[in-house]
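K.L.:
For the record, the sequence lines run as chains A and B.
The numbering of the first sequence is our numbering, which starts it at 1 and goes up by one.
The numbering of the second sequence is our numbering, which starts it at 1001 and goes up by one.
Check the hints yourself; a few may be wrong.
What the hints assert, rightly or not - Straight-line alpha carbon distances no greater than 16 Å define the calculated EDC-like cross-link-like pairs of lysine to aspartate or glutamate that follow:
1) A/266 - A/305
2) A/275 - A/198
3) A/130 - B/1034
4) A/112 - A/284
5) A/130 - A/196
6) A/208 - A/269
7) B/1120 - B/1027
8) A/130 - B/1027
9) A/130 - B/1044
To be verified - Ranges of calculated distance between the beta carbons of each label pair, as one might list FRET restraints:
10) B/1040 - A/292: 29 to 35 Å
11) B/1080 - A/173: 50 to 56 Å
12) A/311 - B/1004: 21 to 27 Å
Just so you know, these hints were derived from the structure itself, not from any lab.
Heads up, the beta-carbon is just placed ideally off N, CA and C, and yes, glycines get one too.
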Amino acid sequence: MIMNIIFFATMYPIVFIMLFLFSTQNKYENGRLFAVNMKKEWIKDATVADIRQKFKKEMRYYAILLAIVPFVSLLTSHMSIQLTIWMFWLLAAIFLLSLPIMRANHRLKTWKTQNHLYEDRQPEHYVELKQAGSVRKVRFLPFFLPNIIGIASALLLLPKSSGLGISCLIGASCGLVFWLAAVWIDRQPVSVISTDSDVNINYARAKKNLWKNFWLICCWLNTALILFLEILTLSARHMGICSIAGMIVYTLLLLLLCIFCMIKLKKIDRSYAQKRNLTSDENDDRNWIDGILYYNPSDPHTMVEQRVGIGTTVNMATSLGKGLTIFSAIMMLSFPLLCIWLIQEEFTPIDLVIQNHTLCAQHLKTDYQIPLSEIKDPTLLTASDLPDWTRTYGTSMDTLEKGTFTISGGEDVNVFLNPENDAFLQFSANGKTYYMGGVDDTQTKGIHEELLTH
Amino acid sequence: MVISINDASEIPIYQQIRNQIVLGISDGRLAPGEQLPTVRALAEEIGINSMTVSKAYTLLKQEGYIYTDRRSGARVRQEFETNKELSEKSQELLRQIISEAKVSGMTQTEFFDLCKRIYKG
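For reference, chain A alone in the conformation it holds in the complex (with noise of 0.2 Å):
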């Protein structure tokens, strides 16, 4: 139930966001219209007006039956089943929100060429020559300082837990991905929508101030997560709901940093579109598959300002851009497979046993082989016995705790059981704690006796 709060809680807004985003597209505005270059006067053409009276009721369509799906996770207790209905919705709420756009874009290209209004030249691009390369935002020291002080406080419970200084210093690691992602964008060609450098240089200036500012908040929120996580780790004694407790917030305030980001953005473009009077060459549209996908071979550049949605996206027809789609695409199709997993792991019992004075422990394969003359100090516990911990690598479902994780202090332990069961085994082996259980108490109770005879 928890996790499908958190579902709700961090997933559920995507679909109004995305929404808004897409929605937008019905309004012209910068010289376009569903990512089509339109003038103004070809706004009023009946077909046009019908079109998009069209994409309304789509979009409307789509997103009640997005709104509803999510409700159908609350029919299981399952997580993995939660997990894949969450998953699919997901991709769906990306395909069907895309659909009118993709629709909408492909008829009015359809109106614009039935009527001639294409222009029979060749394409060309401008460029900003006066301050080319030089309108950069991101420096090294403010992103390097979050950055820094992640890995290092990472580094420092290492020796302390070594599981979870390991996920802290992947987690840290997400903050140099953001700091790449903000250079990437820093670097990106400046927009050229007037023939004023001025206009030109201030636009792209204001664009790229923001975009600095986003991922910079990103890089000291990631090391906020990661500080809070040890601090709590060595400290609190809720751990497990206190983590997850930080996880929520820190996705909320990622989703609400993008939200203000996009509202930002968006008033930059209102605040520059009297001042605009170059638009991208006419004919480019027939370079964006359905508005949304960019494929132009005589484009040298890998990254282009996307037309729906904020940010850029890849040219596919370079040799980079032909990667990352293919990238994008395993990406995506590994959600589904994700999901079998998950179900396959919740739904197969685990199993404890003693074969060839060896005690194995049993889930999908043999995850743990621990010879008998090396179990000391067998314990049988009840679940109320059981530490509060914090899964640092493994599964953690409401039927499967497995894996590594890290108990209130910082000492790492492999876990094995069932927590909706009621007798668990504890012992040491090999300087390494553990807690296991088998696939019910029955099962743990013969078991733990059997410890105690050899």
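For chain A, the structure is supplied; the task is to place chain B on it using the hints.
P.N.:
Quick look at chain B alone, frame taken from chain A:
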């Protein structure tokens, strides 16, 4: 100063860059002594190989429009050679343009009017 690059044109990109900079100098958008972007920065901005921009700069330098030094990079020349003559290459180009104008039926007056308009900017 905004320059436009036509990727599908038969004119090589280095030539297009060279032409646009000369155009900028002639109509005053590029002032004498003005700093030009570095080869690498301009190449990144246009999204082309640095060699292409380097070729354009070398051409401009040979023709006396810009000068380069290690410290300040490329700059527009403060003074140009005012020999009041067009290079042989430019004269050949002009000859071609005049021929095209003649074939298209333009009179001498019409051609001169056009030249005056373009010359004044």
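K.L.:
Has the given pair, residue 266 of chain A with residue 305 of chain A, been kept, meaning a C-alpha gap of at most 16 Å?
P.N.:
holds, 14 Å
K.L.:
Could you grab the alpha-carbon distance between residue 275 of chain A and residue 198 of chain A and see if it respects the 16 Å cut-off?
P.N.:
Satisfied, since the Cα-Cα distance of roughly 11 Å is no more than 16 Å.
K.L.:
Holds or violated: residue 130 of chain A with residue 196 of chain A, Cα cutoff 16 Å?
P.N.:
This hinted pair holds, its Cα atoms lying about 11 Å apart.
K.L.:
Sort out whether residue 1027 of chain B lies within 16 Å of residue 1120 of chain B, counting only the CA atoms.
P.N.:
holds, 9 Å
K.L.:
If you draw a straight line from the CA of residue 130 of chain A to the CA of residue 1044 of chain B, is it 16 Å or shorter?
P.N.:
holds, 14 Å
K.L.:
Would you check the hint for residue 130 of chain A and residue 1027 of chain B, treating anything up to 16 Å between C-alpha atoms as holding?
P.N.:
Measuring from Cα to Cα gives roughly 15 Å; hence the hint holds.
K.L.:
Would the pair residue 112 of chain A and residue 284 of chain A pass a check requiring their Cα atoms to be no farther apart than 16 Å?
P.N.:
holds, 13 Å
K.L.:
CB of residue 311 of chain A to CB of residue 1004 of chain B, is that within 21 to 27 Å?
P.N.:
holds, 25 Å
K.L.:
Does residue 1034 of chain B sit within 16 Å of residue 130 of chain A, going by the straight-line distance between their CA atoms?
P.N.:
It holds: about 9 Å lies between the C-alpha atoms, which stays within 16 Å.
K.L.:
Just to be careful, I want the Cα atoms of residue 208 of chain A and residue 269 of chain A compared with a cutoff of 16 Å; is the pair within it?
P.N.:
Given pair residue 208 of chain A, residue 269 of chain A holds - Cα atoms ~13 Å apart, limit 16 Å.
K.L.:
Measuring from beta carbon to beta carbon, are residue 1040 of chain B and residue 292 of chain A in 29 to 35 Å?
P.N.:
holds, 32 Å
K.L.:
CB of residue 1080 of chain B to CB of residue 173 of chain A, is that within 50 to 56 Å?
P.N.:
At 55 Å between Cβs, range holds.
Checked against the numbered hints above, the structure violates none of them.
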